[in-house]
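*Asks:* Residue numbers (our numbering), protein chains in the order written: chain A, 3 to 115; chain B, 23 to 134.
Worth flagging that the hints you see were computed from the coordinates, not collected in a lab. A couple of the hints might just be wrong.
Stated by the list, open to error - Capping the alpha-carbon separation at 20 Å, the derived lysine to any residue pairs in SDA-like fashion look like this: (1) K79/B x E103/A; (2) K13/A x E63/B; (3) K59/A x K79/B; (4) K79/B x N102/A; (5) K13/A x T48/B; (6) K59/A x H114/B; (7) K79/B x Q59/B; (8) K90/B x Q24/B; (9) K59/A x G50/B; (10) K59/A x Q24/B; (11) K59/A x S119/B; (12) K13/A x A61/B; (13) K103/B x K55/A; (14) K55/A x E63/B; (15) K59/A x S49/B; (16) K103/B x Q58/B; (17) K55/A x N30/A; (18) K59/A x H115/B.
What the hints assert, rightly or not - Just a sample of chain B residues kept apart from chain A, beta carbon distances all over 10 Å, derived: (19) E31; (20) E36; (21) G37; (22) T45; (23) E63; (24) A64; (25) Q101; (26) K121; (27) P134.
Said to hold, decoys possible - Some residues of chain B that are not near chain A, with every Cβ distance over 10 Å (derived): (28) I26; (29) A106; (30) Y120; (31) R133.
Ideal placement from N, C-alpha and C gives every residue a C-beta, glycine not left out.
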Amino acid sequence: DAGITQSPRHKVTETGTPVTLRCHQTENHRYMYWYRQDPGHGLRLIHYSYGVKDTDKGEVSDGYSVSRSKTEDFLLTLESATSSQTSVYFCAISESEGNNEQFFGPGTRLTVL
Amino acid sequence: GQNIDQPTEMTATEGAIVQINCTYQTSGFNGLFWYQQHAGEAPTFLSYNVLDGLEEKGRFSSFLSRSKGYSYLLLKELQMKDSASYLCAVTHHGDSSYKLIFGSGTRLLVRP
């Protein structure tokens, strides 16, 4: 299995508070991704990174920001959490784009009250 | 835009064969993935198709027709542990990057 961890695994927070989720990999893969998974929507890309300090938006990036200061860490921040951001968040990594499979972390279940 | 369709749920019997279909409409198509996801767990890679035809890997096979925007995942000799969601995802090449676009997944229930 790819060495990819996420922390925390579960979090409950209140509307309006900032939240940061961490993704850590030991595979030295260049590409890292943050997805959210909601019933009826499948996995949707929030942001991704193609190298240290290189990030770009996905299809559902509003209300989220990311940072990647080291190859192994990719942080997702909810600047002011809302109930619509209650979801399961998955981090993924890949060696390259295109035809390379993505390896997923175990997920973080976030509840915003 | 991009659109991926797959059935929401399917039920099959242990030992049988099941086919899960996926149709897609997308510009910049570059390949199609199938992932398996057990409840409460992360998706795991099953197969990748970029050319037309059938790719076989043990009990699982995946087929792609690029001209028809169609793929299927075939599971043979079903086992109870195959009860899971199966996610179809297409690689979309837009602007200067590739992204994976996922369908909503097909939940498969295998009954004894």
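*Asks:* All the hints need checking, so say for each whether the structure fits it.
*Replies:* Hint-by-hint comparison with the structure:
1. At most 20 Å may separate the alpha-carbon atoms for a hinted pair to count; K79/B and E103/A meet this at roughly 16 Å.
2. Straight-line distance between C-alpha atoms of K13/A and E63/B comes to about 17 Å, which keeps the hinted pair within the 20 Å bound.
3. For the suggested pair K59/A and K79/B, the alpha carbons sit about 34 Å apart, so the restraint of at most 20 Å is broken.
4. About 17 Å separates the Cα atoms of K79/B and N102/A, which keeps this hinted pair within 20 Å; it holds.
5. Restraint check for K13/A and T48/B: not satisfied, since their Cα atoms lie roughly 35 Å apart, outside the 20 Å limit.
6. The straight-line distance between the Cα atoms of K59/A and H114/B is roughly 15 Å, inside the 20 Å bound, and the hint therefore holds.
7. For the proposed pair K79/B and Q59/B, the alpha carbon gap of about 18 Å is at most 20 Å, so the pair holds.
8. Using a Cα cut-off of 20 Å, the hinted pair K90/B and Q24/B holds, with the two alpha carbons roughly 15 Å apart.
9. At roughly 18 Å between alpha-carbon atoms, K59/A and G50/B fall within 20 Å of each other, so this suggested pair holds.
10. Straight-line distance between C-alpha atoms of K59/A and Q24/B comes to about 17 Å, which keeps the hinted pair within the 20 Å bound.
11. Distance restraint check for K59/A and S119/B: the Cα-Cα separation of roughly 11 Å lies within the 20 Å cut-off, and the hinted pair is therefore satisfied.
12. Of the supplied pair hints, the one linking K13/A and A61/B holds, its CA atoms being roughly 19 Å apart against a limit of 20 Å.
13. Annotation: proposed proximity of K103/B to K55/A is violated, straight-line Cα distance about 41 Å (limit 20 Å).
14. With a CA separation close to 29 Å, the supplied pair K55/A and E63/B exceeds the 20 Å bound.
15. A threshold of 20 Å between alpha carbons decides the hint, and for K59/A with S49/B the separation of about 19 Å falls inside it, so the pair holds.
16. Using a Cα cut-off of 20 Å, the hinted pair K103/B and Q58/B holds, with the two alpha carbons roughly 11 Å apart.
17. Proposed proximity of K55/A and N30/A is supported: the alpha carbons are some 15 Å apart, at most 20 Å.
18. This hinted pair checks out: K59/A and H115/B have alpha carbons roughly 14 Å apart, not beyond 20 Å.
19. Residue-level check passed: E31/B sits 12 Å from the nearest beta carbon of chain A, beyond 10 Å.
20. Even its closest Cβ contact with chain A, about 27 Å, leaves E36/B beyond 10 Å, as expected for a residue assigned away from the interface.
21. Look at G37/B: its CB is around 29 Å from the nearest CB on chain A, clear of 10 Å, so calling it non-interface holds up.
22. Consistency note on T45/B: stated as away from chain A, and its beta-carbon is indeed over 10 Å from all of that chain's, at 14 Å minimum.
23. Non-interface status of E63/B relative to chain A is broken: a Cβ of that chain comes within 10 Å, the nearest being about 7 Å off.
24. Not every CB of chain A is more than 10 Å from the CB of A64/B (nearest about 4 Å), against its label as outside the interface.
25. Distance check for Q101/B against chain A: the nearest CB is about 21 Å away, which clears 10 Å, and the non-interface claim stands.
26. Against the 10 Å criterion, K121/B falls within the reach of chain A, whose nearest CB is about 6 Å from its own CB.
27. No beta-carbon of chain A is positioned within 10 Å of the beta-carbon of P134/B; the least distance is around 27 Å.
28. The non-interface label for I26/B is inconsistent with chain A: the shortest C-beta to C-beta separation is roughly 8 Å, within 10 Å.
29. Annotated as non-interface, A106/B keeps its C-beta farther than 10 Å from every C-beta of chain A; the closest such distance is 14 Å.
30. The claim that Y120/B is not at the interface with chain A is violated, since a C-beta of that chain comes within 10 Å of its own (minimum 4 Å).
31. At the 10 Å boundary, the C-beta of R133/B stays outside the reach of chain A, the nearest C-beta of that chain being 23 Å off.
In this structure, the hints that do not hold are numbers 3, 5, 13, 14, 23, 24, 26, 28, 30, in rising order.
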